[in-house]
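J.: As a plain string of letters, each chain reads:
There are 2 protein chains.
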Amino acid sequence: MINVAVFGYGTVGSGVVEVIEKNKNMINKKAGAELNVKYVLDLRDFPGDPIQEKVVHDVNVILDDPEVQIICETMGGVNPAYDFTKQALLKGKSVCTSNKELVANHGPELLRLARENQCNYLFEASVGGGIPIIRPLNYSLTAEKIDGITGILNGTTNYILTKMDKEGADFADVLKEAQEKGYAEKNPEADVEGYDACRKIAILSSLMCLKNVKYEDIYTEGITKITAADFLYAKELDMSIKLLAMSKDMGDEYFAMVAPFMISREHPLYSVNDVFNAVFVHGNMLGDSMYYGRGAGKLPTASAVVSDVVDCARHIGKTVMCFWEDEDVKLASMDNVSHKFFVRVDKSKADEAKVKEVFGNVQVVQVPSLTNEVGFVTEVMTEKAFKEKAEELGAVISRIRIEQ
Amino acid sequence: MINVAVFGYGTVGSGVVEVIEKNKNMINKKAGAELNVKYVLDLRDFPGDPIQEKVVHDVNVILDDPEVQIICETMGGVNPAYDFTKQALLKGKSVCTSNKELVANHGPELLRLARENQCNYLFEASVGGGIPIIRPLNYSLTAEKIDGITGILNGTTNYILTKMDKEGADFADVLKEAQEKGYAEKNPEADVEGYDACRKIAILSSLMCLKNVKYEDIYTEGITKITAADFLYAKELDMSIKLLAMSKDMGDEYFAMVAPFMISREHPLYSVNDVFNAVFVHGNMLGDSMYYGRGAGKLPTASAVVSDVVDCARHIGKTVMCFWEDEDVKLASMDNVSHKFFVRVDKSKADEAKVKEVFGNVQVVQVPSLTNEVGFVTEVMTEKAFKEKAEELGAVISRIRIEQ
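Chains A and B, in that order, give the protein sequences. Residue numbers 1 to 404, in the working numbering, belong to the letters of the first sequence in order. Residue numbers 1 to 404, in the working numbering, belong to the letters of the second sequence in order.
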């Protein structure tokens, strides 16, 4: 029997207990031992809940119990999860987490502590909810030099953008509806400003580089400025708009960013709708591969945490492979990053001839109902060149990058 | 240093050597040791090839060399690969294979031999080429009860169907072009009749059931009867036609089949085009997840073989987890399997009224250019009920199942 403790009995933590109970035959078979939830750490009590007898309020009860070998940290936030995780690892207890915040902030240090204490720090649930992505990167694509990762990593924004696309609605209205349905937080900033996706691409980028990509260094733009009009243009172009988090190995340097992008109907990420997430990975031998599924939600996320528990159970006393060094990666300046851009222009300030004079060869897009403006798609150009030309033109209403 | 031997220096075997050489820094780091290709087994010589000195014609040279710890079996076919693999495993040498034929025929026995001899029999490359799918099923989805797998598992047929969809061409013409381009074999039977996809879904089904699904028991229908007219109807329905291999846990029994299906634009498999493959997996906690990438080709397939080599290198002397028992699974009769059906009817033999009289509530589809016939979509019904009603109607030109 292997004793497990759950830190935090919120949505994911209670999901972990539920998954372990519901699929126990399959899980115990794969773990090679019976998993027993011995403790649940929470400030609250849960009278009437089957785990009420297991609830403790003092973390030291768990840390001092040599019978506990694996901890599921589903508290979220950096503190006190950071301190609790360190203490657990120092005592040789493996920790499985859904806490992207903590992993993005202290991943390399916690992985080192795990190695030094012959245990594991696993974080499959921290990116893409239930989608297997950390383990495929670490265990499956081992013969690849991974040189690009592009993901739809936030379910809330993807839900909002999907609704805007299908219903022609405006951002504020859809956000309000999403909040009423519980798909978006009351304070939606972390999602809609791209901060959540930023943490997640920092983690994936680090696993790509095998070094530390600091999330603070990643250029991040949210979806709050995307409008119903933008989707009218997207439709004319047979495209949709998605919040993409991406990371690329450009040979001598890496770049990473989070921003809304237009993508064409042919792109596999085009069909990733609603709260689904997907991660597109490019390797130098394999080419493109994609991993798709539910990026959030109680049971999918808990399922990923429990898959980490099974991994830990099969590797008691042994640290499994994860290359993510302390050394920080210096990211390339955004100025040098290139894409096509979709641009909306105020017709009263610049006509098509002027656009072509400044931007050269462009594809003009006219939405019949938007008579005061015109849209166009540029050739591939750097962010720096785009900024300069946009300033020269002086009539730009907005721009959205295009992913190809 | 870990010594590796490659059995068969064809497309995949030479790819294995190339991948190990090209990504050696990354691979050796992940393997935790330097990989050295010591032998290549082939009937031919390869003068001028960098591996010419390593070629041997007698398998016993390799089997008797205690320095060889890992073998890549990239010969294909059951014999003599079966015998060579057994002998290698009996000597405690791990075997990594791309040989779906052998895995589908003798998987459980070879896995048992590996366990008994503290080595491994790994087969990531046998399904979906370079797509990580075997390892995600075995190592990642360990907290799930997997209850459904649906895949586009054959690149040749997907290439043909994509071309037919996009160009309105007929099967025979596209096949001829595919053969000229090398995307289809001169004898295309294994691909176009669905036999290749059948082997692959047998392997995936076995990993879902943890028992043995015999490929001979799987209902298999190819794409040779799909016509340009079928795609005209598919377009009217906003659908495409894909060769799907599927397997479902229906609670008290399993079923598996390979056949062309219509799928709607909303389905994530709709966008899987050309030679790409994808596997859709449903778990009871996670819901849907999908794994997408290149299902064939020299380097993608070789990359999967080498990822198995890395796994073996990290687990010398230890058999990694794979549950696939010898016990055969009895599959459900196709009679009891249910879908919607798309049906084309000869108008001279039955009109819409007659169709509705026999099939009840149907969705009628008329392609303007096909004046002598009419199409319709049934409600969900069993294969048995469909057969009976189709016979009663007596005017059916053809039918294609619909996946929802």
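Any given hint could be a false lead.
Because identical chains share one entry, a pair is satisfied inside a single copy or across any pair of copies.
Calculated cross-link-like contacts (lysine to aspartate or glutamate; reagent style DMTMM-like; alpha-carbon spacing at most 20 Å) [claimed, not checked]:
1. K235 with E266
2. K387 with E266
3. K248 with E221
4. K166 with D238
5. K166 with E266
6. K389 with E109
7. K38 with E21
8. K22 with D288
9. K22 with E216
10. K22 with D252
11. K248 with D288
12. K356 with E180
13. K211 with D326
14. K340 with D249
15. K318 with D217
16. K145 with E21
17. K389 with D346
18. K349 with D328
19. K24 with E177
Derived by calculation from the structure, the hints in this document are not laboratory data.
J.: Which hints from the list above does the structure break, by number from lowest to highest?
T.: 2, 6, 9, 12, 15, 18, 19
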